[in-house]
Amino acid sequence: MSTELPRIDRRRLLGAAVAGAAATPLLTGSTGSASAASPPVEPLGRGEAVRPGADRAAADGWSVLSGERVGIITNPTGVLRNLRNIVDEMHESGAVSIAGVFGPEHGFRGTAQAGGSEGTFVDERTGLTVYDAYGANVAKMRELFTTADVETVVFDIQDVGSRFYTYIWTMWTAMQAAVATGKRFVVLDRPNPVGGTARGPMMTAAYTSGVGAREVVQQHGMSVGELARFFDGEFLEEHAGARLDQLDIVQVSGWRRTTLYADTGLDFILPSPNMPTPDTALAYPGTCMFEGTNLSEGRGTTKPFELIGAPFVDHRWAAALEEADLPGVTFREAYFNPSVNKFAGQVCGGVQVTIQDRDRFDPIRAGVEMLVTAKALYPEFAWRQDSWDTARPFWIDKLTGSTRLRTQIDAGATGDEVQAAWRDELAAFDATRRQYLLYR
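Counting from 4, one number per residue, gives the positions in the sequence shown under this note's numbering.
Worth flagging that the hints you see were computed from the coordinates, not collected in a lab. Beta carbons: idealized from backbone N, C-alpha and C, even for Gly. Mixed in with the good hints, there may be bad ones.
Unchecked claim - Listed below are the simulated PhoX-like cross-link pairs for lysine-lysine, each with C-alpha atoms no more than 25 Å apart in a straight line: (1) 378 / 345; (2) 378 / 306; (3) 306 / 345.
Unchecked claim - So the derived label-pair ranges between C-beta atoms look like this: (4) 406 / 360: 31 to 41 Å; (5) 244 / 382: 19 to 29 Å; (6) 347 / 152: 26 to 36 Å.
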């Protein structure tokens, strides 16, 4: 595999670093550990902002993409600090030859709801063809890259740090297609909004799907650039027969693993219609598990994944959760009427998950405790079953990676017992991922 990177004048991009701080390199290549490839990132000085990879590449005149036909996988979160979409900016600058745009779930312009896409169309603003990449398998993605005559594939989407958020699996599929077609792969990196801590159970091979295509824990704690390095080093050879010829990460500057999105100074652009705020993203690794139940996860309200409930839930659930005294979070008794999705037009009782201390809050611990208490309190509680997958009918198993969480809760396990079951696999994953990390 080639480790040679394009020659880039970094001086214009990085400027003067604060005294004693190591400069963050513009590019990190595809091989070697973070310590071998680049010095760890240090925070910028007081008053200076986190700068995503896209902003750093734009400041350098997009030279990392010059002279190549570029295909861009992005959506409304692919913006610069001036809030302009990178495709619009590149197109108007004339500095990048854009061969095509590839839209993930919800679409390039973000008009589709969960499980939907915008289809393939010609973008009115730029005149560029936008290809529908949502749900595409490797063969379809290869076909799209070939049709667009792409030389370099660029990925720039704000992830939210959870295994079952589908954008990282669009990236994984695109990486496999890039191997098969000999394309260079470039990630314009962005911060993980829920920080750099890994949490939760591991996906198992028997339960992989579009909400978890490979063995990654539920809250992976990596930026998409780090994940791309992880995928390349751990999975690509097995799936695609080889690693990428060239994987380049345009790094974030000024971000540390402990920095949550609310502290980055960046505007939060909705990554999807039901992900409106950084606190939604913080709760999501835990409360999204309620998609696998017959309780509403708050879709169709102004607080998706923070309002959880059902018509059969009453005040006892909030009381039981407050009794658990979980760190960094309170559970307010709440009533809501979803406009869409589960129980649309019906009054639901339940709780509002209110994060009081972002640093102490553990979303998966909270989600597990919520499931355990709801199951114990309400005979009406049930696991959602999908008729289209009779061999693996329970959606919760696809979300959590195996049958284990569901069967433990059904057997009356406590929240602590459920979490103890994945302690060893989480530790093993955490050890493996360290060689691919780029940020302190």
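Tell me, which hint numbers fail for this structure? 5 and 6
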